[in-house]
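Undergrad: Since chain A is already given, all that's left is putting chain B on it; use the hints.
There are 2 protein chains.
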Amino acid sequence: MDRTKIVQLYTHAEELGGQTVTVAGWIKSVRDMKNFGFVTVNDGSCFKDLQIVMNRETLANYDDIAHQNVSAAITATGTLKLTPEAPQPFELTAETIEVVGASAPDYPLQKKRATVEFLRTQQHLRPRTNLFRAVFRVRSVAAAAIHRFFQERGFVYVNTPIITASDCEGAGEMFRVTTIDPANPPLVSEEQATASNGELTAGEVDWSQDFFGVPASLTVSGQLNAENFAMAFGDVYTFGPTFRAENSNTTRHAAEFWMIEPEIAFADLADDMNLAEDMLKYVIRDVMATCPDELGMLNKFVDKGLIERLEHVASSDFARVTYTEAIEILEQAVAAGQKFDYPVSWGIDLQTEHERFLTEQHFKRPTFVTDYPAEIKAFYMRLNDDGKTVAAADCLVPGIGEIIGGSQREERLDVLERRIEKLGMDKEQYKYYLDLRRYGTCPHAGFGLGFERLVMYLTGVGNIRDVIPHPRTVGNAEF
Amino acid sequence: MDRTKIVQLYTHAEELGGQTVTVAGWIKSVRDMKNFGFVTVNDGSCFKDLQIVMNRETLANYDDIAHQNVSAAITATGTLKLTPEAPQPFELTAETIEVVGASAPDYPLQKKRATVEFLRTQQHLRPRTNLFRAVFRVRSVAAAAIHRFFQERGFVYVNTPIITASDCEGAGEMFRVTTIDPANPPLVSEEQATASNGELTAGEVDWSQDFFGVPASLTVSGQLNAENFAMAFGDVYTFGPTFRAENSNTTRHAAEFWMIEPEIAFADLADDMNLAEDMLKYVIRDVMATCPDELGMLNKFVDKGLIERLEHVASSDFARVTYTEAIEILEQAVAAGQKFDYPVSWGIDLQTEHERFLTEQHFKRPTFVTDYPAEIKAFYMRLNDDGKTVAAADCLVPGIGEIIGGSQREERLDVLERRIEKLGMDKEQYKYYLDLRRYGTCPHAGFGLGFERLVMYLTGVGNIRDVIPHPRTVGNAEF
Chain A
8 MDRTKIVQLY
18 THAEELGGQT
28 VTVAGWIKSV
38 RDMKNFGFVT
48 VNDGSCFKDL
58 QIVMNRETLA
68 NYDDIAHQNV
78 SAAITATGTL
88 KLTPEAPQPF
98 ELTAETIEVV
108 GASAPDYPLQ
118 KKRATVEFLR
128 TQQHLRPRTN
138 LFRAVFRVRS
148 VAAAAIHRFF
158 QERGFVYVNT
168 PIITASDCEG
178 AGEMFRVTTI
188 DPANPPLVSE
198 EQATASNGEL
208 TAGEVDWSQD
218 FFGVPASLTV
228 SGQLNAENFA
238 MAFGDVYTFG
248 PTFRAENSNT
258 TRHAAEFWMI
268 EPEIAFADLA
278 DDMNLAEDML
288 KYVIRDVMAT
298 CPDELGMLNK
308 FVDKGLIERL
318 EHVASSDFAR
328 VTYTEAIEIL
338 EQAVAAGQKF
348 DYPVSWGIDL
358 QTEHERFLTE
368 QHFKRPTFVT
378 DYPAEIKAFY
388 MRLNDDGKTV
398 AAADCLVPGI
408 GEIIGGSQRE
418 ERLDVLERRI
428 EKLGMDKEQY
438 KYYLDLRRYG
448 TCPHAGFGLG
458 FERLVMYLTG
468 VGNIRDVIPH
478 PRTVGNAEF
Chain B
8 MDRTKIVQLY
18 THAEELGGQT
28 VTVAGWIKSV
38 RDMKNFGFVT
48 VNDGSCFKDL
58 QIVMNRETLA
68 NYDDIAHQNV
78 SAAITATGTL
88 KLTPEAPQPF
98 ELTAETIEVV
108 GASAPDYPLQ
118 KKRATVEFLR
128 TQQHLRPRTN
138 LFRAVFRVRS
148 VAAAAIHRFF
158 QERGFVYVNT
168 PIITASDCEG
178 AGEMFRVTTI
188 DPANPPLVSE
198 EQATASNGEL
208 TAGEVDWSQD
218 FFGVPASLTV
228 SGQLNAENFA
238 MAFGDVYTFG
248 PTFRAENSNT
258 TRHAAEFWMI
268 EPEIAFADLA
278 DDMNLAEDML
288 KYVIRDVMAT
298 CPDELGMLNK
308 FVDKGLIERL
318 EHVASSDFAR
328 VTYTEAIEIL
338 EQAVAAGQKF
348 DYPVSWGIDL
358 QTEHERFLTE
368 QHFKRPTFVT
378 DYPAEIKAFY
388 MRLNDDGKTV
398 AAADCLVPGI
408 GEIIGGSQRE
418 ERLDVLERRI
428 EKLGMDKEQY
438 KYYLDLRRYG
448 TCPHAGFGLG
458 FERLVMYLTG
468 VGNIRDVIPH
478 PRTVGNAEF
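If you read the sequences in order, they're chains A and B. All residue numbers for the first sequence refer to the working numbering, where the first residue is 8 and numbers rise by one. All residue numbers for the second sequence refer to the working numbering, where the first residue is 8 and numbers rise by one.
Looking at chain A on its own, in the form it has when it is part of the complex (with noise of 0.2 Å):
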């Protein structure tokens, strides 16, 4: 199709100014002056609306356009008028407006303003919104910022599995992926049971019949195996869907997101640390500069202090502490008044309220923790010298909390074999993994970055379901 894109009319007004165009987009409203009227429509290349200007005695069918709905798809020829006195750069003298495909009068998001709560029940119509719009295009931004980052730095993009036999992290609960009928689901026999020597047992399900002959799971991190290729390539990262089957119905927490896992060889944890500010940056600096137009809409309606918090996280140095400093830090508050519901003391996990008291009255800045009790974190992590912390270190934003989860990997065989045994994991489960201590291992560290946490980061917006194009929560899987 033969039409001009209204982006296009943005970035090249000056040369397309007095010239015939034609467009093709949405309704958003028509205002019928009588003799003459005014169709905002647009087309989804950019956050900004076209000014239709018809006129009733040059427009043949002047009133079948007055009368169309919201969300009427139209294409519309005419000359672009610039209008420097005008609010907007340019207006359309329309010559012909063709309705490609007229809206219903019952569409559902009529111009009086619907409550996120009411838009969730329509997800295929929502990204029409201004809100939506916003949101969805600053999620595209951010993507592609955070690919071109590092491939910028020569990082290779590792899709790590989503189907997986083993539950490595021991992360929460997680989802069974099976083409087992469960109404009907094959049972080990009797014979089989005998045959095993005791591995199975007579009556529970034979999973050796399932479709990957063993039960499998949805991953929760692509990490151990991003691993695997950092000691290939040295520097790699993942970004993917990863899944909780958690029962939490909050405002954070969804079943299906998207995780981006980088993992860097020869590196230690100010390396990580250093790599997850650089990263944070690059992308918050990337929208701001391709997204005003977005930015300043979420400013304005979703939350006031957006933009001047970008700013300051953009060119400000995050704060970086250790737990033991920051239980300190949390116990001198408690002395002086300040109330948390979970007590504080050394050996506890942070509980959000602590995270957001570090970040938002403390620091007041993007404040990274390290150093937590090897207690509260995973068996992969690095011991430290002390014995009783590991080189882990924490992201936390302010309005957020924790965004970041990050660590130095136990690179040594011994003492990554005696951790695993203590935790009386299987280490037979671990083997491709011990492998990589085995053959060459390094120092070595990354960390996890749950997408859509950044994207509400970055919008504002408070609540996870409105920055997933089609969210998956407990009880919840439509569209």
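One thing to keep in mind: the hints can contain errors.
Okay, the calculated bits of chain B under chain A, using three or more residues with CB under 8 Å as the criterion [as the list claims (entries may be wrong)]:
no., segment
1, 133-142
2, 149-159
3, 302-314
4, 408-418
5, 431-443
In silico DMTMM-like pairs for lysine to aspartate or glutamate, Cα to Cα no more than 20 Å straight-line [as the list claims (entries may be wrong)]:
no., chain 1, residue 1, chain 2, residue 2
6, A, K438, B, E485
7, B, K434, A, E485
8, B, K88, B, E21
9, A, K41, A, D113
10, B, K438, A, D113
11, A, K438, B, D442
12, B, K438, A, E485
13, B, K35, A, D442
14, A, K35, B, D442
Treat the hints as calculated values from the structure; they're not laboratory data. Please read all numbers here as calculations on a predicted model, not as lab measurements. Glycine included, every Cβ here is placed at the ideal spot set by N, Cα and C.
TA: For chain B alone, coordinates are given in the frame of chain A:
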């Protein structure tokens, strides 16, 4: 860690020549010539290796290094000596070499050439081989090129859901996603069955107790969701994992693979083919420019015609032929003595042998076959004026067969409803999809590109298991 990556040595050889640098990497080979020796290392930052020269007189731990096994991790500091007369442009004269992580003598990938079949059992280590170093770098570069292609053109990246409650396309068997224990599933009671007015049957699995409250599966395509966003943003694309639970054990099928699915509004089938052709050429050119060493290796050891074929495709127009014409070509070939396993006549689904004949023998270049019989294509494809074919376009490429399947979508509400009814599908399930035709419908089109097939095409690798970091196929979810 303060070190120079090997890629930097190659890109900045002139300025680094004569300087002292520190590198870190994994040993690929050690040659001990008694008084001096050569250590070849690679750090993954580029395909090329670095040759380190060590001298027994000046290197205190010469013997230790000389006895290191393949894949040991080391750091080396020394002078970068430019060697314009030698095959490699420089070498590192070592002052110190430190073993960071030794490699056990039973390292499974010794220098002797391993088969790809054996390497599939060593997926955690195979990225360290030249073959997989090339393949997975190309995969990463191709993925980045795809994102760049679409972002440069203003497309919005949409993460369509992985978990879905609908089997919209009916595209083959799907994996169930569940938290129900198949050994002990909740069942519909007599009371529930009675109360449900026949919707539920006593004794069947009670899906309302599953995580999402309904039966859920892994997506086979993000297209229908992507259309929701194309009707707001105009141009969108997905790039994410998709799944097929097909019990097919071929070199071209995996249970988990990545797909790219652009969707464009105010566009017809010709626009769609133009987009597909532009995208393929863009990616090929980008990989050729970015990965000359990788392609050189693949061209030498995997597929001798690779580079010539890629150059040819990047510079030639794709053929375009209707299905009806394609059938005539095949029938004429049969008349002229060409043998096919499957008989040819109008109405058949083209088999791989037919596709390959068209693209390899007849047109000798990538070929779009368009306007297939409606009966063998999906319900959402736009019915042509002849009433019997639909506006579909499959792109066939030499050596692979179908790599892209696209179509203009049926945007006419009445035609689409008739099609859904005719096929006996449940209209209620497609309520949202039909809504897009009720509220501002417009001509639109899109396609699906199987990313792994593209990587096979770009690398000449013949088995899909060797272009996926950790492939999932029937009976196989290891690693």
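Undergrad: Against this structure, judge whether each hint is valid.
TA: The hints, checked one at a time:
1. 133-142: holds (count 4)
2. 149-159: n = 5 at 8 Å, threshold three: holds.
3. 302-314: It is violated, with 0 qualifying residues against the three required.
4. 408-418: Not satisfied, violated; 1 residues make the cut.
5. 431-443: Held - the segment 431-443 of chain B has 4 residues with a Cβ nearer than 8 Å to chain A, which meets the minimum of three.
6. A/K438 - B/E485: holds, 12 Å
7. B/K434 - A/E485: holds, 15 Å
8. B/K88 - B/E21: It holds: about 10 Å lies between the C-alpha atoms, which stays within 20 Å.
9. A/K41 - A/D113: violated, 25 Å
10. B/K438 - A/D113: holds, 14 Å
11. A/K438 - B/D442: Cα-Cα ~52 Å, so violated.
12. B/K438 - A/E485: holds, 12 Å
13. B/K35 - A/D442: holds, 17 Å
14. A/K35 - B/D442: holds, 17 Å
Hint compliance for this structure: hints 3, 4, 9 and 11 are broken, all remaining hints hold.
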